[in-house]
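Q: Listed below, chain by chain, are the residues.
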Amino acid sequence: LAKTTQPISMDSYEGQEVNITCSHNNIATNDYITWYQQFPSQGPRFIIQGYKTKVTNEVASLFIPADRKSSTLSLPRVSLSDTAVYYCLVVTGSSNTGKLIFGQGTTLQVKP
Amino acid sequence: DTAVSQTPKYLVTQMGNDKSIKCEQNLGHDTMYWYKQDSKKFLKIMFSYNNKELIINETVPNRFSPKSPDKAHLNLHINSLELGDSAVYFCASSQAHRGGSYNEQFFGPGTRLTVL
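Chains as they are written, first to last, in the numbering used here: chain Y, 1 to 112; chain V, 113 to 228.
No lab work stands behind these hints, which were simulated from the structure alone.
Note that this is a predicted model, so its numbers are computed, not measured.
A few of these clues could be false.
[Said to hold, decoys possible] Capping the alpha-carbon separation at 20 angstroms, the derived lysine to aspartate or glutamate pairs in EDC-like fashion look like this: (1) Y:Lys99 / V:Asp150; (2) Y:Lys99 / V:Glu165; (3) Y:Lys54 / V:Glu216; (4) Y:Lys3 / V:Glu216; (5) Y:Lys3 / V:Glu165; (6) Y:Lys52 / V:Asp150; (7) V:Lys156 / V:Glu170; (8) Y:Lys99 / V:Glu216.
Looking at chain Y on its own, in the form it has when it is part of the complex (with noise of 0.2 angstroms):
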């Protein structure tokens, strides 16, 4: 499985758009790029995935670009809510197994 490289940490405002990136050099081409949330003393909650260009739904938007190396989750105007860790994870499509390798996660913390 192809391993992910995010930042540790990052620091917004509320009302900004905040972007984090994620480099998966490795990725094959069954994989796909899949993002998930995990608020403090909580399970991991899905946001999105994607295979290539763009994704967006009422969370988030995941951006692609072709060579499918990084992709960058976008989330528009965060609120305090949103602080909590974000995980990259490179899945693969063949797996039979659903296997998730976690990395360490970007820790969002929304300020006021």
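Starting from the known structure of chain Y, arrange chain V on it as the hints suggest.
A: Coordinates of chain V only, in the frame set by chain Y:
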């Protein structure tokens, strides 16, 4: 209704004891997982069951034994607890995985285990 539930939420016990953590999902999923999150917040998979069959068994001491009585339940039994077992344990579930697809995992609220 809670999709993935775990009991207990907190568990404090002495070294050497045996304890169990229960997990139930009402999502109709075929696959369930156990993860361990240590004090440094690293989240690591321990086990996975698909339709009551063990499909992932990471390098976990054999003091840890998962039990799946049916596909809606995956319990974790831990024998002879050690200080290093202190962590937060998360249960998760998903649809069964097949080639070419990925299904998101739904996590429970976690069980904080403290071994004294």
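Q: Regarding the pair Y:Lys52 and V:Asp150, is the alpha-carbon distance no greater than 20 angstroms?
A: violated, 33 angstroms
Q: Would you mind confirming whether the straight-line C-alpha gap from Y:Lys99 to V:Asp150 stays at or under 20 angstroms?
A: The given pair, whose Cα atoms are some 18 angstroms apart, holds under the 20 angstroms limit.
Q: Regarding the pair Y:Lys99 and V:Glu216, is the alpha-carbon distance no greater than 20 angstroms?
A: Measuring from Cα to Cα gives roughly 11 angstroms; hence the hint holds.
Q: Does Y:Lys3 pair with V:Glu216 here, judged by a C-alpha cut-off of 20 angstroms?
A: holds, 19 angstroms
Q: Tell me if the straight-line CA distance from V:Lys156 to V:Glu170 falls inside 20 angstroms.
A: holds, 9 angstroms
Q: Does the structure keep Y:Lys54 and V:Glu216 at a Cα separation of 20 angstroms or less?
A: Within the cut-off at roughly 19 angstroms; holds.
Q: Under the criterion that the straight-line Cα-Cα distance not exceed 20 angstroms, is the pair Y:Lys99, V:Glu165 satisfied?
A: Cα-Cα ~15 angstroms, so holds.
Q: Sort out whether V:Glu165 lies within 20 angstroms of Y:Lys3, counting only the CA atoms.
A: The given pair, whose Cα atoms are some 28 angstroms apart, is violated under the 20 angstroms limit.
When each numbered hint is compared with the structure, violations occur for hints 5 and 6.
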